[in-house]
Structures are given as structure tokens and as C-alpha cells.
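A.B. asks: Going by this note's numbering, the first residue of the sequence shown is number 24, and it counts up by one from there.
Do not rely on the hints blindly, as some may be mistaken.
[To be verified] Just the calculated beta-carbon pair ranges, DEER-fashion: (1) Gly110 to Met35: 37 to 45 Å; (2) Pro71 to Lys243: 33 to 41 Å; (3) Glu92 to Glu171: 22 to 30 Å; (4) Thr202 to Glu171: 35 to 43 Å; (5) Glu158 to Phe97: 21 to 29 Å; (6) Ser184 to Ala215: 13 to 21 Å; (7) Met24 to Ser80: 21 to 29 Å; (8) Phe97 to Tyr124: 13 to 21 Å; (9) Gly99 to Asn36: 18 to 26 Å; (10) Ala215 to Thr26: 19 to 27 Å.
The hints are simulated quantities; they were obtained by calculation from the structure and are not laboratory data. From the three backbone atoms N, C-alpha and C, an ideal C-beta is built for every residue, glycine too.
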Amino acid sequence: MRTPIIAGNWKMNMNPTQTAEFVQAVKDQLPELSVVETVIAAPAVDLPALLENAQGSQLHVAAENCYFEDEGAFTGETSPKVLHEMGVDYVIIGHSERRDYFHETDEDINKKAHAIFKNEMTPIICCGESLEIREAGKAEEWVKGQIEAALKGLSADQVASLVIAYEPIWAIGTGKTATADQAEEICAVIRATVADLYDEETAANVRIQYGGSVKPANVKELMAKENIDGGLVGGASLQPESFLQLAHFND
Numbered sequence: 024m025r026t027p028i029i030a031g032n033w034k035m036n037m038n039p040t041q042t043a044e045f046v047q048a049v050k051d052q053l054p055e056l057s058v059v060e061t062v063i064a065a066p067a068v069d070l071p072a073l074l075e076n077a078q079g080s081q082l083h084v085a086a087e088n089c090y091f092e093d094e095g096a097f098t099g100e101t102s103p104k105v106l107h108e109m110g111v112d113y114v115i116i117g118h119s120e121r122r123d124y125f126h127e128t129d130e131d132i133n134k135k136a137h138a139i140f141k142n143e144m145t146p147i148i149c150c151g152e153s154l155e156i157r158e159a160g161k162a163e164e165w166v167k168g169q170i171e172a173a174l175k176g177l178s179a180d181q182v183a184s185l186v187i188a189y190e191p192i193w194a195i196g197t198g199k200t201a202t203a204d205q206a207e208e209i210c211a212v213i214r215a216t217v218a219d220l221y222d223e224e225t226a227a228n229v230r231i232q233y234g235g236s237v238k239p240a241n242v243k244e245l246m247a248k249e250n251i252d253g254g255l256v257g258g259a260s261l262q263p264e265s266f267l268q269l270a271h272f273n274d
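Build out the structure end to end from the sequences listed, making use of the hints.
C.D. replies: Spelled out as C-alpha cells, the structure:
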């Protein structure tokens, strides 16, 4: 049985003081990891404060990005090796904002996935289509291609352990949300793609999140779907109260 995973993606928000205050407000009220796994992905400048304050709690820590090399002349990039040394558990890669604003390619994302596993962390691999692609009837084909490229060269065991986040670009930060049925339809395609690439067991184990204006008001309906195992949450993860409501969606 797949353990639900609720992950907050703070994007470029919060400072170290706010980070500490947030963790102190939620750390003693989170569900047990065996019930719902909770994760916060913070900007790199906030990770030390997040790690320090989350120590000994149920909260897992994620970076919002990393590079695909451990070290070198890559000014401004974040080393996956150092993230592991710091104690980071997860790294988000392939977010639509990284693809769009910073021109990251499917090949970049695949390289990052390999680097993250090499450094004993777990990738949260994002995928999703634009409104234009959806309206052209090519959403399934597009997302399937992203998944095939992102997973290239990974073992079945690695894929079974990672997290895939389906985030339709048209529903990120717009206030629009894919209906639960729309989200389930693409998440089912993702799981079927994994089964085609690997096997049914791998597909049954990989956790698939939905992201895109997830909030306490819609999380229960989304999480009731067979192929949706969690949420990658933006704005609703910035306030302790709403993050706790999301984490306790099944109470």
C-alpha cells in the first residue's frame, strides 16, 4: 500500500526566521510517517533553518532543485552531494517554472534524477502540460513523453521509490484546479507508462502526486482517487494552519 505524501513547495518565499517559526508551529501536530508523509521544500537559503528545526520530527526536508554535477565551476548552482551531506531527503526536479523560466530540458531532468539517486536522496519529478497542449488533445502524449525521458536509465527499484508530481501548467498559481477526474485521468496514464517501461509491481509502488492549486477545500476529493497518492502544494503550504489541514486530510 502506498503511503500518501503531502509536500509543500515554498518556491521563492520565506526567510530563515519565518522557516523556523513555521516548523515550530507544525512539528508536534504532524501525522505519523506511516499514515501520511509530510515534506517541505524550501529555497536553498532556508534549508539550514528547516533542517535544524525539523530535527526529530515527522517532517521530511526537500530542496527545490539541484544541479546534476556534485561540484565544479557552476556558479550559482546547488550541489546534490552537499544537499545529502546536509541531511536533505528529497529534491524537486522538472518543475514547470524551471522548464519555462530557466529552459531546463528533459535531458537535464534525467541527469538530475541520476545525480540525486547517486547521492542517496529521492527525486520528486514534475511533469505536466500547458493549456495549449491540453486543448489540442495531446496532454496524455506530452506527459507520457516527459516521464519516459525523465526515467531513462533508472532501475525499477529506483523508480518504485521515487515520487512523480503531475502539475498541469494551466493550474499552477492561477486559482484554477484540474477536476479530480482530470487529475486522475493523467495520473493513471503516468502509472500505465511506468508499467509499460518497467512492470506492474514498479507501477503499483511509485507514488504520484497532483499539484496545481491544491488546498484544504479540494484535497479530500483529489486524494480519494485511485492513482493520486498525494499533493505537491504551493501557496497553501506557506501557512501552518492550512498545511496541517492538508496533512490531516484523512482525519
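A.B. asks: All the hints need checking, so say for each whether the structure fits it.
C.D. replies: We went through each hint and held it up to the structure:
The hinted range of 37 to 45 Å is not satisfied by glycine 110 and methionine 35, whose Cβ atoms lie roughly 22 Å apart. Against the hinted window of 33 to 41 Å, the Cβ-Cβ separation of proline 71 and lysine 243 comes to about 34 Å, which satisfies the hint. In this structure, glutamate 92 and glutamate 171 meet the distance hint of 22 to 30 Å, their C-beta atoms being roughly 24 Å apart. Between threonine 202 and glutamate 171 the beta carbon distance is about 26 Å. The supplied range of 35 to 43 Å is therefore violated.
The beta-carbon spacing between glutamate 158 and phenylalanine 97, approximately 38 Å, falls outside the hinted interval of 21 to 29 Å. The beta-carbon spacing between serine 184 and alanine 215, approximately 19 Å, falls within the hinted interval of 13 to 21 Å. Between methionine 24 and serine 80, the C-beta spacing of about 23 Å keeps the proposed range 21 to 29 Å intact. For phenylalanine 97 paired with tyrosine 124, a C-beta distance near 18 Å keeps the hint of 13 to 21 Å intact.
The beta-carbon spacing between glycine 99 and asparagine 36, approximately 19 Å, falls within the hinted interval of 18 to 26 Å. A hinted range of 19 to 27 Å for the beta carbons of alanine 215 and threonine 26 is consistent with their spacing of about 21 Å.
The earlier numbered hints that this structure contradicts are 1, 4 and 5.
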